[in-house]
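Trainee: The chain contents come next:
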Amino acid sequence: AQSVAQPEDQVNVAEGNPLTVKCTYSVSGNPYLFWYVQYPNRGLQFLLKYITGDNLVKGSYGFEAEFNKSQTSFHLKKPSALVSDSALYFCAVRDTGGGNKLTFGTGTQLKVEL
Amino acid sequence: GAVVSQHPSRVICKSGTSVKIECRSLDFQATTMFWYRQFPKQSLMLMATSNEGSKATYEQGVEKDKFLINHASLTLSTLTVTSAHPEDSSFYICSAGTSGAYEQYFGPGTRLTVT
Numbered sequence: 847a848q849s850v851a852q853p854e855d856q857v858n859v860a861e862g863n864p865l866t867v868k869c870t871y872s873v874s875g876n877p878y879l880f881w882y883v884q885y886p887n888r889g890l891q892f893l894l895k896y897i898t899g900d901n902l903v904k905g906s907y908g909f910e911a912e913f914n915k916s917q918t919s920f921h922l923k924k925p926s927a928l929v930s931d932s933a934l935y936f937c938a939v940r941d942t943g944g945g946n947k948l949t950f951g952t953g954t955q956l957k958v959e960l
Numbered sequence: 000g001a002v003v004s005q006h007p008s009r010v011i012c013k014s015g016t017s018v019k020i021e022c023r024s025l026d027f028q029a030t031t032m033f034w035y036r037q038f039p040k041q042s043l044m045l046m047a048t049s050n051e052g053s054k055a056t057y058e059q060g061v062e063k064d065k066f067l068i069n070h071a072s073l074t075l076s077t078l079t080v081t082s083a084h085p086e087d088s089s090f091y092i093c094s095a096g097t098s099g100a101y102e103q104y105f106g107p108g109t110r111l112t113v114t
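Line order of the protein sequences matches chains C and F.
Going by my numbering, the first residue of the first sequence is number 847, and it counts up by one from there.
Going by my numbering, the first residue of the second sequence is number 0, and it counts up by one from there.
Mixed in with the good hints, there may be bad ones.
Said to hold, decoys possible - Computed beta-carbon distance windows for the label pairs: (1) F:GLN59 <-> C:LEU960: 43 to 53 Å; (2) F:ARG110 <-> C:VAL929: 41 to 51 Å; (3) C:SER926 <-> F:THR56: 37 to 47 Å; (4) F:VAL2 <-> C:GLY908: 32 to 42 Å; (5) C:GLY862 <-> F:PRO85: 43 to 53 Å; (6) F:ASN69 <-> C:LYS923: 38 to 48 Å; (7) F:PHE38 <-> C:ASN858: 40 to 50 Å; (8) C:TYR885 <-> F:MET44: 27 to 37 Å; (9) F:GLY60 <-> C:SER872: 27 to 37 Å.
As the list claims (entries may be wrong) - Under the rule of at most 20 Å between Cα atoms (straight-line distance), these lysine to aspartate or glutamate pairs were calculated in the EDC-like manner: (10) C:LYS947 <-> C:ASP931; (11) F:LYS54 <-> F:ASP64; (12) C:LYS957 <-> C:ASP900; (13) C:LYS868 <-> C:ASP931; (14) F:LYS40 <-> F:GLU86; (15) C:LYS957 <-> F:GLU51; (16) F:LYS40 <-> C:GLU861; (17) F:LYS40 <-> C:GLU912; (18) F:LYS40 <-> C:ASP900; (19) C:LYS947 <-> C:GLU861; (20) C:LYS947 <-> F:GLU62; (21) C:LYS868 <-> C:GLU912; (22) C:LYS895 <-> C:GLU861; (23) C:LYS915 <-> C:ASP855; (24) C:LYS947 <-> F:GLU86; (25) C:LYS895 <-> C:ASP931; (26) C:LYS895 <-> C:GLU959; (27) F:LYS13 <-> F:ASP26.
To be verified - For the chain C half of the interface with chain F, some residues (derived, Cβ under 8 Å), not all of them: (28) PRO853; (29) VAL857; (30) LYS868; (31) GLY899; (32) TYR907; (33) PHE909; (34) PHE913; (35) PHE936; (36) ASN946; (37) LEU948; (38) THR954.
Hints in this document: simulated from the structure, not taken from any laboratory.
Even for Gly, the Cβ is constructed at its ideal location relative to N, Cα and C.
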């Protein structure tokens with residue numbers, strides 16, 4: 847069974863500082879990995895994905911994530927945080943072995959303060 | 000591109016009544032649609048997966064007779080909560096997938112409140 851862990855319920859960062867939201871995964875085969883963002887009372891917006899190739903993937907709004915197979919991690923990063931980045935972030939994994947179901951982590955609330 | 004809509008965005012109904020939620024892919028054909036439920040400050044729980052023209056596949060613990068899913072076309076799926084009870088109050092989110100993409104595209108969600 848596939849699973850995703852987001853160890854931090856909340857991350858606080860000052861505007862202009864770099865941010866990292868952590869994610870580790872477990873799958874039986876090779877993973878497809880995703881990051882989504884959710885604003886209050888809204889659905890999820892796709893940020894970026896790792897399918898294959900370069901371990902560093904760039905996505906929307908200046909976000910990027912690095913796939914690390916040995917550490918089974920896919921941490922989300924941004925060099926300079928904005929107050930408008932404050933939202934709930936979900937990491938998700940899909941097993942390439944079959945099926946198209948996404949398994950989500952529990953989410954990390956990002957708070958960017960002035 | 001890849002826009003998914005949901006209707007209604009918010010609904011309040013009385014206990015014992017049924018509520019239908021629509022999910023539409025506006026600019027693409029969705030071969031697969033997914034229905035999730037999200038409790039406050041919690042992750043998304045997959046309820047069921049539906050492919051156009053086929054019966055939905057429900058996750059363990061989800062009552063298929065209570066949560067009726069119809070995927071009548073490549074752009075429309077509906078979730079009907081039958082005989083709703085207050086414990087069914089939640090945020091319901093649909094997503095759609097297409098054969099050419101790895102990611103799912105999510106609708107804006109429907110807030111259901113059962114009184």
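Trainee: Checking each numbered hint in turn, tell me which of them this model violates, lowest number first.
Mentor: 2, 4, 7, 8, 9, 10, 12, 15, 16, 17, 18, 19, 22, 23, 24, 26, 27, 28, 29, 30, 31, 32, 33, 34, 38
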